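Chemist: Each chain is listed here by its residues.
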Amino acid sequence: MSHRIKVLSPILALVALAAIACQTPAPSAPAAGGGGDTPKRGGIAVIATRDDPPTNWDPGYTSGITLHQVSTGIFGAGNFVRQCRNDVYTVCPYLAESWEAGTDLMTYTFKMREGVFWNDGTPFTPQDAVYWLDLTRGTQVGDKTRPAWIDVGTQQVQKAEVIDGNKVRVTLKERVPAFLDMMKTATINIAYPRHLFQPKIEAGDVRVGPSDVGFVSLGPYKLAKHEKGSLIQLRRNELYWEKDAKGEPLPYLDGIDFPVMKDLNTIVAAFRTGRLDGGARGTGFGLLPEQRQALDRTLPGQVQYAEIAGYRWHIAWNQLKQGPWQDLRVRKALGLWLDKRSGVQAVVGGQSFLHTVMDPRSGWPDPAWETWPSFNANTRDRDRADAKRLMSEAGLASGFEMDFFCRRSWVQICEWFQGDYSGLGVKLKLDLVDDATWTDRHRRGDFDGQIQIVTATFPELLEQHFGRTGLNAGGLLRHNDPQLVSMFRRFKDAQGDDARKQIYREVEKYVLQDQWYAISLFDELLAIPYRSYVKGLMPGPEEVNHNLDYATVWLDK
Amino acid sequence: MQQYLVRRLVLFVPTLFVASVAIFIVMRLLPGDVAQLILGGDASSPSAQQQIETYRQALGLNDPYPVQYARWAFSMLNGSFGGESLVDRESLAAIIGRRLPVTLQLAVYAMIISAIVSIPLGILAAVHQDRWVDYLVRVVTIAGNAVPNFWIALLVLLGLSLWFVWTPPVFYKNLWDDPSTHVQKVVWPTLILAWGFSANITRVTRASMLEVLRQDYVRTARAKGLTDRVVVARHALKNALMPVITLSGLQLAGLLGGTVVLETIFGLPGIGQGIVLAATTRDYPVIQSLVMLLVLMMLGLNLVIDLCYGIIDPRLSYR
Chain A
57 MSHRIKVLSP ILALVALAAI ACQTPAPSAP AAGGGGDTPK RGGIAVIATR DDPPTNWDPG
117 YTSGITLHQV STGIFGAGNF VRQCRNDVYT VCPYLAESWE AGTDLMTYTF KMREGVFWND
177 GTPFTPQDAV YWLDLTRGTQ VGDKTRPAWI DVGTQQVQKA EVIDGNKVRV TLKERVPAFL
237 DMMKTATINI AYPRHLFQPK IEAGDVRVGP SDVGFVSLGP YKLAKHEKGS LIQLRRNELY
297 WEKDAKGEPL PYLDGIDFPV MKDLNTIVAA FRTGRLDGGA RGTGFGLLPE QRQALDRTLP
357 GQVQYAEIAG YRWHIAWNQL KQGPWQDLRV RKALGLWLDK RSGVQAVVGG QSFLHTVMDP
417 RSGWPDPAWE TWPSFNANTR DRDRADAKRL MSEAGLASGF EMDFFCRRSW VQICEWFQGD
477 YSGLGVKLKL DLVDDATWTD RHRRGDFDGQ IQIVTATFPE LLEQHFGRTG LNAGGLLRHN
537 DPQLVSMFRR FKDAQGDDAR KQIYREVEKY VLQDQWYAIS LFDELLAIPY RSYVKGLMPG
597 PEEVNHNLDY ATVWLDK
Chain B
-19 MQQYLVRRLV LFVPTLFVAS VAIFIVMRLL PGDVAQLILG GDASSPSAQQ QIETYRQALG
41 LNDPYPVQYA RWAFSMLNGS FGGESLVDRE SLAAIIGRRL PVTLQLAVYA MIISAIVSIP
101 LGILAAVHQD RWVDYLVRVV TIAGNAVPNF WIALLVLLGL SLWFVWTPPV FYKNLWDDPS
161 THVQKVVWPT LILAWGFSAN ITRVTRASML EVLRQDYVRT ARAKGLTDRV VVARHALKNA
221 LMPVITLSGL QLAGLLGGTV VLETIFGLPG IGQGIVLAAT TRDYPVIQSL VMLLVLMMLG
281 LNLVIDLCYG IIDPRLSYR
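If you read the sequences in order, they're chains A and B.
Under the working numbering, the first sequence is numbered contiguously, ending at residue 613.
Under the working numbering, the second sequence is numbered contiguously, ending at residue 299.
There could be a bad hint or two in this list.
Said to hold, decoys possible - According to the in silico footprint, chain B covers these stretches of chain A (three or more CB under 8 Å from chain B):
(1) 279 to 293
(2) 308 to 317
(3) 325 to 332
Everything labelled a hint here was simulated from the structure, so no lab data went into it.
Quick caveat: nothing in here was measured; it's all calculated off a predicted structure.
Heads up, the beta-carbon is just placed ideally off N, CA and C, and yes, glycines get one too.
Start from the sequences and build out the full structure, keeping to the hints where you can.
Modeler: Written out as structure tokens, the structure reads:
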């Protein structure tokens, strides 16, 4: 007997060790509903992030959520302007307290806010804003690499200059009615402190980034600690300028701890046990319906969800490659056949909604879009019969085979429409690739058909997806259609939002209904869990980066 | 022995060279590059291609391959371990210094636990062959071999969260910085790894012991009236350990690069996670240097195993 005990003793010791290790964490927060609406100051929120930020934390290089989930708090949620906190579609002042647009919409004059400081105590000046604009456009140093995405806004700028001491006048290369919409993008941040960047760049370090200058920045928080692969710690920037409606300084929190967590299951488990106050944002990190139900069941009334749309799935066929899809009848058949509502159930468990190119809530889409063929549930059977008929008329009654290009991480949705299309006789050979291969082949147009996420909070942004080939190397369509190009050119001459809306609706109908170049599927609704005691989040309906500065967040504990 | 050691160490050089060329070529065969990933994203612009080219130039990716290889190899030799990451400019020395201890600790913990558990279990199963103890050990070890560790990890997390309302801490801390958090963070991945690790060792120990226990000298020892414990511990065990040591060394080497899934699930910033991340972002210097590190450790472990043979079996000589 004693022999057996000796043999088993190491195992018993291990079990004991495990038991000791399973110390219960700090008690979780009280149930939702407690406390009032008056923000409480202090506290540290613990919110997951899915990875460490890349590229020296430089928003001039990348616009990914991996960076902005943690960096918006440091850099701030905008530049001269920002998306309003309560309305993602509207422009609000940020570092400029007001602006005037020239009558020709080619000049914008921003009156810069006073009393703004870099978090090292250096005053923020209009010259700093001009330097940042010049740097992102490459005019100041010539060889500092600019990001592709930032061209949407700052590349419209011909010249930036300081006038009257506290104003910045921006002259555009051409008339751009949507310039402020472009600039309000949450990921365009003034993250280059002139007093620290200029000496480094002049010394030849053109790749200098925020991490090389100690993250000196303008946002509501400062970086306190970064343990790569584990923890990113932000603490309040006492010099931050913004105040709430009662004149109280923001932010409310003392800080935010971001554990780096790369696995959704781990995040959900940690959230359930009170280790986390909020989940990570980004595709692949929204809760599955069953995870959401489980949280509601185990933590009744203690969880709220940020439901972030804006990941609008689209399919398109490469019009620059030969194939049956060159025939409009085939494209229309492909569009009419797909049962989008079944996809909503099969792919995202019903956690989604149909859309056209832009979010219906934005007010841009044609009000009648839900009655269009392929969108209308009542004409489903007729649409499918029409699809079969069109395939027969095109001489493809028995279908055809084609390659379909898909990111490996999107396999679920690709497999769904692969299965759905088999009913039409169309055999899609899925070409599943990793991100690097996808980016490379996408840019070269090396595919027959593809699926892509189209996100736009204003219509001019769609040019990168629907413009001519030279403009949309990373976009959705591949075509040489001058009519579509001319539509985007007309945006430049549009007078007011009504005119822009009319042009957008022409584009929408032309792409989705007249030419059937693309198929709008459905939106992937990201459900990000937060504990109910986390207040003041206000995430926008279709902008994953909205209000990620966490300046108005407080903990009702 | 010294001559043997020197000869083996010299043989490291061509092995490392071939491995370095192979990993360098394989990485270049993969489509896509880090400049496209960083600048491309989901959006684009008229000047995107030009910007990518400029960025490639800045990163040195437009240089001829021999130049790129020589630059990397030189930086490996001059002590900077391959330069810096193309993605975030962190030095390779810092990356290795940060990631290696995490993986090493995990691997060593798993090895220690499995050594403590698996060798006694293997002996127990062999001594009690075809009895309930043996069957139990075999069931547990076969399960340890057959069930993927990531699946166990997810079940463990789920079970802990549902039944004990407990999950490991969300931050990783080094043992010397915060022992309590460290233990809480690594105990489960260690136990899961140790299960798979010890399953193999237990089975090999059992098989090897069974073979040795049937040898004439063991029968002689029993005939002399020695107790079972003495026969097993002094006469059989040492001779049965040779294949166990070989397997342990190989498994340990595998553990150093093979813990990626557990590292991801449990949020441990180790080497395996670093290699996968570098591969997906085409961060050439990082993946090349980390793979070379693993090759070097594999060679070193093999050498240590070979040297151990001589300690266990003095009849072996090094020539």
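Chemist: In ascending order, which of the hints set out earlier in this document are inconsistent with the structure?
Modeler: none
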